[in-house]
Amino acid sequence: MGDTIASLLIGEIGIIQDFCLDAIPLNLLEMGCLPGKEVRLLQIAPLRDPLYIKVNGSHLAIRIETAKQINITKLL
Amino acid sequence: MQSKSLLNIALVGNPNTGKTSLFNQLTGLNQKVGNYPGITVDKKQGKCKISEHLTAEITDLPGTYSINPTTLDETIVLETLLNENNDSFPDLVIVVAEVENLKRNLFLFSQIKDLQFPAILVINMSDQMIRKGITIDIDALKKELKSEIVLISARKNLGIDALKREIENFENWNTEPVANISDKIDPVFFEAIETTFPEFSLYKSWLLITQQKNCDFLSNELQRKITTFNKDDGKIIKYQHKETVYRYQIINEILKKTYSVDKNEATDIRSKLDRILTHRIFGYIIFFGILLLIFQSIFAWASYPMDLIDVFFANLSELAKTNLPKGTFTNLIAEGIIPGVGGVVIFLPQIAILFMFIATLEETGYMSRVVFLMDKIMRKFGMSGKSIIPLISGTACAIPAIMASRNISDWKERLITILVIPFTTCSARLPVYAILIALIIPDERVFGIFNLQGLTLMGLYLLGFTAAISSAILLHNVLKIKTKGLFIIEMPNYKLPSIKNIFYEVVEKTKAFIFGAGKIILALSVVLWFLASNGHTKFENASEFVTAQESANNLPEKVLNKKIASYKLEHSYIGKMGKIIEPVIKPMGYDWKIGIALISSFAAREVFIGALATIYNVESEGGDFGTIKERMAAEVNPKTGEKRFNFATGMSLLLFYAFAMQCIGTLAIVKRETKSWKWPILQLTGMSALAYIVSIITYNILS
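First to last, the sequence lines map onto chains X and E. For what it's worth, our numbering labels the leading residue of the first sequence as -5, then goes sequentially. For what it's worth, our numbering labels the leading residue of the second sequence as 16, then goes sequentially.
Fair warning: there could be bad hints in the mix.
Claimed, not checked - Chain X stretches covered by chain E per the calculated footprint, using a threshold of three residues with CB under 8 Å from any CB of chain E:
#, region
1, 14 to 20
2, 29 to 41
Stated by the list, open to error - In silico lysine-lysine, DSSO-like type, Cα no more than 27 Å apart, as pairs:
#, chain 1, residue 1, chain 2, residue 2
3, E, 253, E, 157
4, E, 495, X, 31
5, X, 48, E, 257
6, E, 577, X, 31
7, E, 199, E, 118
8, E, 573, E, 553
9, X, 31, E, 654
10, E, 510, X, 48
11, E, 573, E, 654
12, E, 287, X, 31
13, X, 62, E, 395
14, E, 495, X, 62
15, X, 48, E, 219
16, E, 686, E, 526
17, E, 257, X, 31
18, E, 499, X, 48
19, X, 31, E, 499
Hints in this document: simulated from the structure, not taken from any laboratory. By construction, the Cβ of each residue, glycine as well, lies at the ideal position given by its N, Cα and C atoms.
Sequences are here, hints too, so could you generate the full structure?
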């Protein structure tokens, strides 16, 4: 298992690799969460869920189970 | 295209782009809120004068990121743009974008363009470009998008006239699509679409195929044609994905040539505020602090205008009674209509204050942070972070609150939210609470600072909230509905709230309340008055009977009149009904007069006070009209000689109103939103049974 958005630490950036289409709502893609895009983890809600991310210019909050479905490579 | 004198314009755009600000600038107070046929989403429309000869009807569509809907609100956008037979089918579309997030806004714009509407791109908040280090080559962007573009700042009212001038010329706009999706995805497949559906543009056919389940408006024949054409849902999903990637490719290429941001200029207020407002301790403290402030102000600020309104209508009744010629008509006005109207108007201060707060929190962008903070907690109760907004709105009125639940995409989370909203303390309960608390709780301070009455009210709020949460847990465990747990929310930039937007929002919501709930309340007051002032033989002969009965006692005329009036009320139609249900409500500590008010308030809670006012007013015919509070305080239980509204009865009533489902409007909206009678019936029986049992227990413990 590689990294997913859920394994980012606050402030870290990753590049989206791929994800299972059935597990990801279309409208997340439409908001710019696409393979090849940079995603940065901005905040984690107090109870470790949801995650507050910035991707492709959009600031979004997504739940951890969605985040776990999106594979990334971490940028150093 | 034909020239028309009235243009239909659709206003679309992402949420948080200032679409509503632009709508308010274009239409001013010429707005009306209607319903889309068959559903209850508010349809905001307004007239706007474009030029000397051209007027437009502008429809403000719900904010959306894409034409492909994920929530019920967003299906409105799809239907308005695809269904040529709807009244608001646009002659042209204004797409509102925001300067900072142009890329994502262009996604929606490219979809609209591909539907081949005459469309104009309006880039809002352009006044912030310099501060944010953004430059846009507008001429190049116009060429790339084959569209007209206007820069505006809706809040500062800049660029609105330029937009109107462009619209005048809309018949000459380029309606070519910007993205040719078929080549990039599967040319053979899209060619087949084109030959199967020659009557529509290619992109429209594609949307009809992908969104078939959201297109109820299609003819059966067309539905069948689509079903036969599309046999492979997996392929559709794959192609939708490809389409999204491809659109962003095009948009990125366009923006590379026309848009640049100097990162050094960007200020970072957002992350600083976020760090505090979503902090794991301060975040919650701030949120609960704000809630406390809201409820405190509803009680403290609203009580002055409410007292004035109460006194005003009491005086008006008296004035009507003394100055109009005696007769049934005057009685109807003084005892039926005036208290009825008063019963509606008295809510205005509370509703207005509450909606003002909610609109402010949404305008500033803070509400999304609350959703973010609360999501995990709310999920434990089977709801979503997005349920917070409906639950808070529920403290004003359950009806708009239930409609606000439409943006929760998960059905189970949405259903539970809808079912528990009526437990939250809506403003219709407030006058009942306020008057009962004033009667049974002493106006004292505890620990020197807290007002005992205020504390009781807060206790009732907490009780309602606890009831909502507990029943949500119960439903979460009982309801067997699969959830996907889909949840995405945008965290918009913080903004100073616009007074104008808040003002329009408050006006619109209060207007909707007055004309919606107000009609029911007024009508019931009149019916009630009629039932209370008419009756059978015993009612007709009341005067002779009581005079004969009391002749030995030699009572002063005033007391005698009062006795006659009481006797009349007891034998009126409504009195009979009250007597019939008296055995059922006796264990709760109520008499038949309270019983009447209780029955009437099953239509709407607030009718309770109005009903008591009507009953006591009819009873005191010819006597004095005090305020309703004074009359209730003076009411005595004839058997014990004690006050009718003593502590035990008062508490029992308070708790009954906290739990019972007494609102026809809410039941109707739940039926429409859940498309089934099952859920409103469950609410009605479950909540009322709970209320009945709790009230009986309370009364018996306290008395």
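Now for the hints, and whether the structure bears them out:
1. 14 to 20: Holds, because 4 residues of the region 14 to 20 of chain X bring their Cβ atoms closer than 8 Å to Cβ atoms of chain E.
2. 29 to 41: Satisfied; 6 residues make the cut.
3. 253(E) with 157(E): violated (31 Å)
4. 495(E) with 31(X): At roughly 38 Å apart (the allowed maximum being 27 Å), residue 31(X) and residue 495(E) break the hint.
5. 48(X) with 257(E): With a Cα-Cα distance of about 22 Å, the restraint between residue 48(X) and residue 257(E) holds, given a limit of 27 Å.
6. 577(E) with 31(X): Violated - the C-alpha atoms of residue 31(X) and residue 577(E) are around 81 Å apart, more than 27 Å.
7. 199(E) with 118(E): holds (20 Å)
8. 573(E) with 553(E): holds (21 Å)
9. 31(X) with 654(E): Between residue 31(X) and residue 654(E) the Cα gap is close to 79 Å, so the pair fails against 27 Å, i.e. violated.
10. 510(E) with 48(X): Roughly 19 Å between the alpha carbons, so the hint for residue 510(E) and residue 48(X) holds.
11. 573(E) with 654(E): Status holds; Cα separation ~22 Å.
12. 287(E) with 31(X): holds (25 Å)
13. 62(X) with 395(E): holds (20 Å)
14. 495(E) with 62(X): holds (25 Å)
15. 48(X) with 219(E): violated (32 Å)
16. 686(E) with 526(E): holds (23 Å)
17. 257(E) with 31(X): holds (15 Å)
18. 499(E) with 48(X): Holds, at about 23 Å.
19. 31(X) with 499(E): With a Cα-Cα distance of about 25 Å, the restraint between residue 31(X) and residue 499(E) holds, given a limit of 27 Å.
Checked against the numbered hints listed earlier, the structure breaks hints 3, 4, 6, 9, 15; every other hint is satisfied.
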